[in-house]
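Trainee: Using the sequences and the hints given, assemble the complete structure.
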Amino acid sequence: KAGVTQTPRYLIKTRGQQVTLSCSPISGHRSVSWYQQTPGQGLQFLFEYFSETQRNKGNFPGRFSGRQFSNSRSEMNVSTLELGDSALYLCASSLVRADTGELFFGEGSRLTVL
Amino acid sequence: AQRVTQPEKLLSVFKGAPVELKCNYSYSGSPELFWYVQYSRQRLQLLLRHISRESIKGFTADLNKGETSFHLKKPFAQEEDSAMYYCALTGGGNKLTFGTGTQLKVEL
Numbered sequence: 005k006a007g008v009t010q011t012p013r014y015l016i017k018t019r020g021q022q023v024t025l026s027c028s029p030i031s032g033h034r035s036v037s038w039y040q041q042t043p044g045q046g047l048q049f050l051f052e053y054f055s056e057t058q059r060n061k062g063n064f065p066g067r068f069s070g071r072q073f074s075n076s077r078s079e080m081n082v083s084t085l086e087l088g089d090s091a092l093y094l095c096a097s098s099l100v101r102a103d104t105g106e107l108f109f110g111e112g113s114r115l116t117v118l
Numbered sequence: 306a307q308r309v310t311q312p313e314k315l316l317s318v319f320k321g322a323p324v325e326l327k328c329n330y331s332y333s334g335s336p337e338l339f340w341y342v343q344y345s346r347q348r349l350q351l352l353l354r355h356i357s358r359e360s361i362k363g364f365t366a367d368l369n370k371g372e373t374s375f376h377l378k379k380p381f382a383q384e385e386d387s388a389m390y391y392c393a394l395t396g397g398g399n400k401l402t403f404g405t406g407t408q409l410k411v412e413l
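Protein chains in written order, with my numbering: chain P, 5 to 118; chain X, 306 to 413.
Hint data in this document are derived by calculation from the structure and do not stem from the laboratory. Using N, Cα and C, we set each Cβ at its ideal position, and we do this for glycine too. A few of these clues could be false.
[Stated by the list, open to error] Derived DSBU-like pairs (lysine-lysine); straight-line CA-CA distance at most 30 angstroms: (1) X/K410 <-> X/K370; (2) X/K314 <-> P/K61; (3) X/K327 <-> X/K378; (4) X/K378 <-> X/K410; (5) X/K327 <-> P/K61; (6) X/K370 <-> P/K61.
[To be verified] Covered, in the sense of this in silico footprint (three residues per stretch, anywhere, with C-beta under 8 angstroms from a C-beta of chain P), are these stretches of chain X: (7) 321-332; (8) 387-395; (9) 403-409.
Mentor: Next up, the structure:
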């Protein structure tokens, strides 16, 4: 069974631009969660989507948004990029709701904002 | 609000020595606790969960509600245990919250 796939793996943007990251969950998994990982803050929860509905949201500004499609694939978007948005963005899928605790992570999308 | 604290950024032990990775949490309800591990150049993956009361790769963790702790222990460290370990908490249908992680380095 293929694991969680995230694209692109690496990208470089400049301040003020926007970016869209994609996540394909494990087949059959209905929940997708997004996390921002930085050396100082660790893993910070962005949001969770379950059956195309945002189920939980973290404490990030409105510039961070996401969505989930009917095939459970998910995208997250960051608009008006800031230097501080440079991070590894991790996607994780789970069979049912993410609060069951068993998440399967992708390799991440590393975003550098210049 | 739920919070997970891992006080040590780096823990260095010798091979064969006991290991204890500390995790404390703050949560008003009934928590569910987990340990995740990330080996070098691998994905973050679930190691164990407290409700399973299982031993994985020789690691165990006991939930102590009185001390609000969920420390990860192993009696004899192995070189392959070197990795980044994250404690995580959820409860009441909330998000899964991670600690900042502890890098375990097992020296020969």
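Trainee: Which hints from the list above does the structure break, by number from lowest to highest?
Mentor: Hint 7 is the one this structure does not satisfy, whereas the remaining hints hold.
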